[in-house]
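Enquirer: Given only the sequences and the hints, what does the whole structure look like? Please build it.
2 protein chains.
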Amino acid sequence: MAEPLVSPERIEADYLVETAFDPRAAIEAMAGEQSSGTFVPVPGETPELKARSAARIEALEILGEVDTPSLPGAGQPPGSRIQRARATLSWPLANMGPSLPNLMATVGGNLFELKQFSGLRILDMRLPTAFADAYPGPKFGIAGTRRLAGVEGRPLIGTIVKPSVGFGPEETADLVRLLAGAGIDFIKDDELQADGPHCPFDERVRAVMRVVNQAADKTGKKVMFAFNLTGEIDEMRRRHDLVLAEGGTCVMASLNSVGLAGMIALGRHSALPIHAHRNGWGYLSRAPMLGWSYVAWQKFWRLAGADHMHVNGLANKFSEPDDSVIASARACLTPMFAEKPCIVMPVFSSGQTVKQPPATFAALGSIDLIYAAGGGIMAHPDGPAAGVASLRQSWDAAIAGVPLDQQAQTHPELARALGAGA
Amino acid sequence: MAEPLVSPERIEADYLVETAFDPRAAIEAMAGEQSSGTFVPVPGETPELKARSAARIEALEILGEVDTPSLPGAGQPPGSRIQRARATLSWPLANMGPSLPNLMATVGGNLFELKQFSGLRILDMRLPTAFADAYPGPKFGIAGTRRLAGVEGRPLIGTIVKPSVGFGPEETADLVRLLAGAGIDFIKDDELQADGPHCPFDERVRAVMRVVNQAADKTGKKVMFAFNLTGEIDEMRRRHDLVLAEGGTCVMASLNSVGLAGMIALGRHSALPIHAHRNGWGYLSRAPMLGWSYVAWQKFWRLAGADHMHVNGLANKFSEPDDSVIASARACLTPMFAEKPCIVMPVFSSGQTVKQPPATFAALGSIDLIYAAGGGIMAHPDGPAAGVASLRQSWDAAIAGVPLDQQAQTHPELARALGAGA
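Residue numbers (the working numbering), protein chains in the order written: chain V, 4 to 425; chain Z, 4 to 425.
Worth flagging that the hints you see were computed from the coordinates, not collected in a lab. In this text the structure is predicted, and so the values were computed from the model without any measurement. Incorrect hints may have been included.
Copies of the same chain are indistinguishable here, so a pair counts whether it falls within one copy or spans any two.
Taking lysine-lysine and the DSS-like style, the derived pairs with C-alpha atoms no more than 25 angstroms apart in a straight line are [to be verified]:
{"id": "1", "residue 1": "K142", "residue 2": "K53"}
{"id": "2", "residue 1": "K343", "residue 2": "K53"}
{"id": "3", "residue 1": "K53", "residue 2": "K118"}
{"id": "4", "residue 1": "K221", "residue 2": "K343"}
{"id": "5", "residue 1": "K358", "residue 2": "K118"}
{"id": "6", "residue 1": "K118", "residue 2": "K320"}
{"id": "7", "residue 1": "K225", "residue 2": "K142"}
{"id": "8", "residue 1": "K53", "residue 2": "K320"}
{"id": "9", "residue 1": "K224", "residue 2": "K53"}
{"id": "10", "residue 1": "K224", "residue 2": "K142"}
{"id": "11", "residue 1": "K221", "residue 2": "K320"}
Expert: Shown next, in the form of structure tokens:
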């Protein structure tokens, strides 16, 4: 179900805030800063003008008190207590029109620096359908990705080229040959390798696609390889065209390297699924009372044209807890608009093995995801083909509700993986 | 003096970290994650390949211990103590080549999520001259901005269009007429207004430039107006061309709305100074043990083509302390490369009045800045012309080393501003 809006002509954003001031007064200051507020009267401003453009407080709920401020730099009136609250603001669409870059300045601009707050985090936002009309959204999404990868009824099993940097085009292609022979569905470049002098993009695409196309001719299955084309706009368009011409089925871009205008340009241009990498996400989100919830952030990139979005995985090697991972993946699978859901495929990665599929499926309730494992495939004691098979067996068990140890009794690759602790 | 590098072919970055693990082992994990590290052996990888691409620890200094982790999600071995350290890593340029988007993924990518760290902040980075050759850098900088604005020997006195949203093109132009008549040097659009339906970009440019050009014909002084062209790449190029055609002398873009690929495209295209707005900066920097120092972050945008960069101001209305403001402004004025310094003009704003110039000049030791005031101009009891005059008088006193109260004895506009508490 798409998300309901208070008004079809207003943008809404939800914030978690912490303040030592009266919460309503602090939120009013925030609304003023991000819309028609002025500190001194200006010639020409009228009550009508200001009212037309003012941000509005739609909801304010006090959550409780804390002892110490989460972030430095906030004002603290004498004798005040520090309260946390959840607030919803709305803005007229006519303040900025359906423009993602300008929406960013409105919902995610100066407000994080306001002295009124010792914590400010954007939790979610809801947009008028004018944004759905103005942007491409994912051109492939789940159905298009499945069609190109030839995988139905289960997650795509994926992996990543490692070492991240060091391999040249031919070494990368050799690894792809091995993985294609192992029955992998999806491979991605590392986010550290786009067009380095030791592994130029064009040469890598030609070498890898030779291998991918040969394997497809033999088996009928074309591995989806996400080529990291991160770079300047014109470079990305040209690189995309090369991948398409060589018969490739996916490109990859680092969102925080490219930015919103770059991603929109790529989204408008692309005739291939876009694998969106979120490296750098930690600096946007890891402080609990600052920055971005993924639920809010991912909406920008879905509208811009991302088809796959990274969400970490359960029991990952990074600092993100499991409930946050599942909330992110659910957000990717939740429609943004009734007429244009913009559903993207969540990518589970980071320390994923045969062990996490049951809990992942139980928590998410969906098979529409890419499940990417490194060591879980390459370190299987019987080799990568057994590694891929073991991951599929684990997912089959998860979907069927069969416990892993029971599944392992009749599936030796899974049994070996579990036994090896992989 | 440009910054020296350990090696002319390596990139360097300095980090502040916090970890409950052995600091050297934690930094080694970080170096591995961001270069040639693999968790399991991969066919084809050799010691030579890995060594060629590995990130190197150039320096590691333990700073002290803390009682509690600054960020959640970090591992904490039993009985461990939490230490802070300053570390320098270096990477071969050949890992990514002189590409700013791919540099971003390397120095500012996945590392912020590593479980080894309960705090990780990038403090600075130093780049090989290949980056200076690959990017435009500021095309105007200080000298070009001064030439176009016709201001020498003192800071540019600036202001902002307020209310941020609400004014249409004609109302904006009326305000510009008033400010031009008051002798202002520089005016910027608000970051919330680019091309909203009530104030379309093209109409605003034509209306404002009519006023600016008329004033210039009469007085010989052309106000520099920074038109906020934030949007998609093609929109930004087209809008830039309109400003140029109408005789405008500056464009403005919101860096976090546009992103790196967008800013590079604008930088390569632009024939006007680019006023770079950093709204959203708070979410990148406000948690002291996470994210970005401005000293590191601003280098990306200078290379991409920014000419002016926002730094807040002393005693600002936001949460940033004064020493951070001055460090940011100094960074803008510090050469990046001997042959291509990429110096940009720092923009002081947020609650700036006649009171801050002496301390600002004393701390910065430079007049090469834009000093933007809102209420300090519009709320002067004798009107905006007196407001502009009072700010110039304050800066004249600051530069000459004359105390403000002494200067006020012979400068009535300054006296009135000080008396009004503005």
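Enquirer: Please list, smallest to largest, the hint numbers that this structure does not respect.
Expert: 1, 2, 4, 9 and 11
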